[in-house]
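Participant: Here are the chains, one letter per residue:
Number of protein chains: 2
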Amino acid sequence: MNLRTPGPIPVPDDILEEMAGPMINHRGPEFAEILHRTTDRLKQVFETANDTYILTSSGSGAMEAAIANTLSPGDKVLSASVGVFGDRFADIAEIYGAEVTRLEFPWGEAIDPDTVRMALDEEPDVKAVLVTHNETSTAVANDLGAVAAVVKGEFDKLLLVDGISSACSLPLSTDAWGCDVVAAASQKGWMLPPGLAFITFSESAWRAYGDSKMPKFYFDLAQYKRYLEIGQPPYTPAVSLMFALDLALGRLLEEGMGAVFERHASIGRLTRSGVKRLGLDLFASEKFASDTVTAVRVPDGVDSGKLIALAQSEHGVVLAGGQQRLSGQIIRIGHMGYCTAEEIEEALHAIESALPRATLESAAAC
Amino acid sequence: MNLRTPGPIPVPDDILEEMAGPMINHRGPEFAEILHRTTDRLKQVFETANDTYILTSSGSGAMEAAIANTLSPGDKVLSASVGVFGDRFADIAEIYGAEVTRLEFPWGEAIDPDTVRMALDEEPDVKAVLVTHNETSTAVANDLGAVAAVVKGEFDKLLLVDGISSACSLPLSTDAWGCDVVAAASQKGWMLPPGLAFITFSESAWRAYGDSKMPKFYFDLAQYKRYLEIGQPPYTPAVSLMFALDLALGRLLEEGMGAVFERHASIGRLTRSGVKRLGLDLFASEKFASDTVTAVRVPDGVDSGKLIALAQSEHGVVLAGGQQRLSGQIIRIGHMGYCTAEEIEEALHAIESALPRATLESAAAC
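Chain order of the listed sequences is C and H. Everything in the first sequence is counted per this note's numbering, starting at 13 for the first residue and increasing by one. Everything in the second sequence is counted per this note's numbering, starting at 13 for the first residue and increasing by one.
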């Protein structure tokens, strides 16, 4: 199978095999060494000197941690959303009792920093701004540096970033841009199975933690901080995934993050030009097209579900559909982690070949 | 290494290797099949017809889910604790704003159902009772059936159970006893690496959910319920661990849960008689001694840290120490999952052999 969902992604065999290592005591010296080494290497990838923690959860758990560790019920929060995951970030803040102002940009477009500036001008008592770096649902990469320049540089607000499908694939300068919290997850460019989440936490975030009254236990980062000092996680970690993380991080840093980013940029360009070559339309504004996932508009009259099913059954290519209001309107091709030009060509060929039959079958079903 | 911590536990090679399977789309039919099959099999192990969900987290996450999905800030809760994990359950409820009455029994002893009855008589407006089935920190197995007979049978309170180190190792009749919520975790008798948690949720628990005002997102069981109907988890699951779970559950049910429980009872007896044969004292009251972990009192004048370090460095046996106020006072021998008599004899031999040097070195350090 050519798994082209935007997470999980294909994981290299030796990283998968690393998970088969025998269990070890997570409160012993061997695990402490792995925990310290992986934490240090994560900081290199995030380009941060901030505290960085590894959670046993999906990326959504890290998004919840970002909210619950910095805010209190009633706090004013500005959400800048361009899709499903931006909305999710705002939802979490609301569930925990924050007062959320939702800036919503058209799906397929990016966050406009000027609009963020106007919103912050209008609401000076906003405490935190929620931003998705790379919106997986629309295949848009926001210009996080430009957004951060407004949020931190001009207004000095707490900047909470969903970097789940960007970190380790797209340049993300946590400290240089002033991101107070960045959430990420293992099943993206890290070349790992799902199950681990990562979170960076700045000094300002720790000051906010001191005032925060949202309840937290499993995601309480003060516990992670306290335990990391003795080389342990507070709760039993996914030991096998930690073995894999250790191997994958070593490999990524050996390759060099510049090369990793270039690899993603190159495969992103290749995918987009291939889609256009097929005469299909990209969903996202090309100026902000993501280099980790590409969204393709499904031609009128074609049932995207049939197209996806045929691509898998006839060509062994696993594509993703659209989420929520994009359901049926787009298909998505993931290209995070190691992804070869051949795999993309195969995916494009599958789409091209499946389209006529999907079109016929869609018409017949009407 | 002979890993004798009470979780993680040694995992059979073929279950470890199962994790090396290639990634699949967690929103596709192949994953749906695994999710439905493992969920059905989990219900068999828990002896329940209640809804059962798989979380990507440690067992502590499932404990938090038990609280946050059933209670509201200000709700009165009775906690019956016999150790570290019982206290943790109460702590979580307090963090989330519940009003907790803490019944604390001497460490090494079990919960006394009569005391629970008196407490419930005194506080008729208690909404839920928190009970640890098997207290890993003291190696005590509570008589959950007897406690449940009081909590459910006599008072019909919501019964929230930490079954993390009992489920799948000790008899736990979720429905027959009336446990509304049971939390468990993969790195115990399930013979799996850590990273997954399991939770059962009764009709009464769902009614409590309807009134619950504690915030929840990642652990919001209504999302798990909604998504399970379409064969998916709400958030990206630990796919590799799900492969392993699928294999392990098949094996356990093939063996038969009666045989699995007898295996644990037998190895528990063997361990306790071996400890006494060495002239050492068991920490837990023998009437309530756990069959998943044994706690051994460290003789006066012996530094338990030295004993544990020597057992590992000289004999390749990894033991656990005491937690919190038991630190330095006990060592713990885990025997969950597949654990042979030889492995226990080896552990006992390591303790016996390391004791004289540990005693000497402890004296020298004074």
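Among the clues, some could well be false.
Capping the alpha-carbon separation at 25 Å, the derived lysine-lysine pairs in DSS-like fashion look like this [to be verified]:
1. H/Lys225 - C/Lys139
2. H/Lys299 - H/Lys288
3. C/Lys225 - H/Lys55
4. H/Lys318 - H/Lys164
5. C/Lys225 - C/Lys88
6. C/Lys237 - C/Lys225
7. H/Lys225 - C/Lys88
8. H/Lys88 - C/Lys225
9. C/Lys299 - C/Lys288
10. H/Lys288 - H/Lys88
11. H/Lys88 - H/Lys164
12. C/Lys237 - C/Lys55
13. C/Lys164 - C/Lys299
14. H/Lys164 - H/Lys288
15. C/Lys225 - H/Lys139
Treat the hints as calculated values from the structure; they're not laboratory data.
Participant: Find the hints from earlier in the document that the structure breaks and name them by number, from lowest to highest.
Facilitator: Violated hints: 3, 4, 10, 14; rest satisfied.
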